[in-house]
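Q: For what it's worth, my numbering labels the leading residue of the sequence shown as 23, then goes sequentially.
FYI, nobody ran anything at the bench for these hints, they're computed from the structure.
Watch out, some of these pointers could steer you wrong.
[As the list claims (entries may be wrong)] Once the Cα atoms are required to be at most 30 Å apart in a straight line, the calculated DSSO-like pairs of lysine-lysine come out as:
(1) K174 x K120
(2) K120 x K167
(3) K174 x K196
(4) K337 x K303
(5) K196 x K337
(6) K174 x K332
(7) K196 x K332
(8) K196 x K340
(9) K340 x K174
Predicted model, so just to flag it, every value in this text is computed and none were measured.
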Amino acid sequence: MSRCLRLPTLGAEMGWSAPLLKNCHHVFEVVLGAPVGEEKGWLAWGVNPTPEGRMVGTRAAIGIKDPSGPPHCKTYSVGYETRRECGPLRPRDVEEMKCLRFEYDNRTEYYYLTATLNLSSTDYNVSKLHIVWQSGFDADGDVPKKHVSDLKNIDSFETVDLVSGQCSDMAFIKIYLRQVHGIMNIIGWGTMLPVGVIIARFFREFPVQTNDGWYYFHVSCQSIGFSIGAIGWGIGIWLAHSSPHHIFFTHHVLGIIIFVFATLQTLAIRFKPGKTDDSRKVWNIYHHFLGYALLPLIFINIFEGIRILKPDNKKTWKLAVIGILTALGVITFILEAYTWKLFIDNKHKDDEEKSKRNHCQSTNDDHGGGSINKHQHGSEINQDGSEEEYSVVFQLPLANTPST
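Using the sequences and the accompanying hints, generate a full structural model.
A: Structural data, given as structure tokens:
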């Protein structure tokens with residue numbers, strides 16, 4: 023083979039000979055190698071004249087493992103009825119290709135599918151050839167069963183220049199953007215927004231009273247989180263648009279709901295009622311409810327995205343998200359416990375002050391309604407030299423009661 027190319031999914035590699043133009047047809051040979059794990063697994067490679075990388079319209083060579091005999095290969099034409107599962111995909115002769123062999127290499131532990139192609143120069147451009155490859159886990163004789171709908175299977179198409187050996191790298195770009203999409207949403211939706219909620223919930227008067235200082239930190243976290251999350255969301259929308267035939271419905275719908283809720287929360291910066299407005303109380307209830315409802319949706323969708331993505335380091339992704347969620351939970355628990363401690367301490371302090379006031383009031387009542395009598399005794403010398411004793415009574419008001 024004159025050219026070789028490592029394909030982005032399914033561990034596949036492709037080699038081909040230089041195309042020769044004969045009677046307005048491009049003639050060349052192709053070899054596709056990939057692991058096929060199951061006893062009745064199959065491996066396919068094909069060309070499609072349309073630029074969408076769709077299964078429908080593909081002319082394919084499919085090699086099938088046979089546990090009761092040697093592996094074999096045949097040609098197939100994939101139509102709409104196959105995609106809609108209206109009937110099995112049965113072998114048929116196609117003028118574009120001929121399947122030569124399907125064999126196993128003990129050295130590489132790969133199965134290799136070899137085919138010759140005879141492509142019309144009118145329908146196919148070898149400088150921009152749309153190829154499709156696929157693998158499955160089961161077959162019934164010459165009829166391959168449906169493959170799984172994982173991203174690695176969905177991304178198994180590429181546009182290749184057979185002359186230069188270059189490809190569009192669209193599948194590699196999608197794989198990279200999916201990781202960026204996941205990371206940005208974990209940081210934006212899954213980290214910054216919850217931090218903003220924690221600030222609003224616990225830091226209005228702690229550790230020190232800063233008037234509206236907590237509010238500016240809250241708004242900053244929400245704004246940064248929304249900006250990062252919105253970029254990640256936009257990448258997700260582009261990825262969904264680039265594969266219109268494969269939509270992960272739950273993840274897609276939850277993503278839209280999260281974006282709408284987060285947008286409404288962010289608009290509160292501009293459209294929040296004033297503190298003296300009659301609608302402020304109702305608005306506060308709505309704002310708090312929407313914010314708390316947003317958090318579980320975010321983490322449900324993050325784990326759903328990891329399940330769909332199935333990255334090679336899937337465990338690392340999950341542990342990272344669980345770590346973030348655990349850290350947020352621990353911080354929330356500690357702050358909530360501290361808040362309740364302050365509440366209970368303040369309540370005890372208020373109860374003690376109330377008890378003291380009641381005790382003082384009771385003491386006043388015991389002394390005649392708020393005053394006490396003070397007796398003073400003495401004597402004085404009269405003009406005739408005699409001594410006369412006297413006694414005077416003073417009524418003194420208590421400090422906490424008015425004098426009469």
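Q: Against each hint, give a clear statement of whether it holds in the structure.
A: So, going through the hints one by one against the coordinates:
1. With a C-alpha separation of about 26 Å, the suggested pair K174 and K120 falls inside the 30 Å cut-off, and the hint holds.
2. Of the supplied pair hints, the one linking K120 and K167 holds, its CA atoms being roughly 21 Å apart against a limit of 30 Å.
3. In summary, the hint linking K174 to K196 is supported, as the alpha carbons are separated by about 11 Å, within the 30 Å threshold.
4. The straight-line distance between the Cα atoms of K337 and K303 is roughly 44 Å, outside the 30 Å bound, and the hint therefore fails.
5. At most 30 Å may separate the alpha-carbon atoms for a hinted pair to count; K196 and K337 meet this at roughly 21 Å.
6. At most 30 Å may separate the alpha-carbon atoms for a hinted pair to count; K174 and K332 meet this at roughly 9 Å.
7. Proposed proximity of K196 and K332 is supported: the alpha carbons are some 14 Å apart, at most 30 Å.
8. Pair hint K196 plus K340 holds up; C-alpha atoms about 21 Å apart against a cutoff of 30 Å.
9. For the hint pairing K340 with K174, the CA-to-CA distance comes to about 19 Å; that is within 30 Å, so the pair holds.
Hint compliance for this structure: hint 4 alone is broken.
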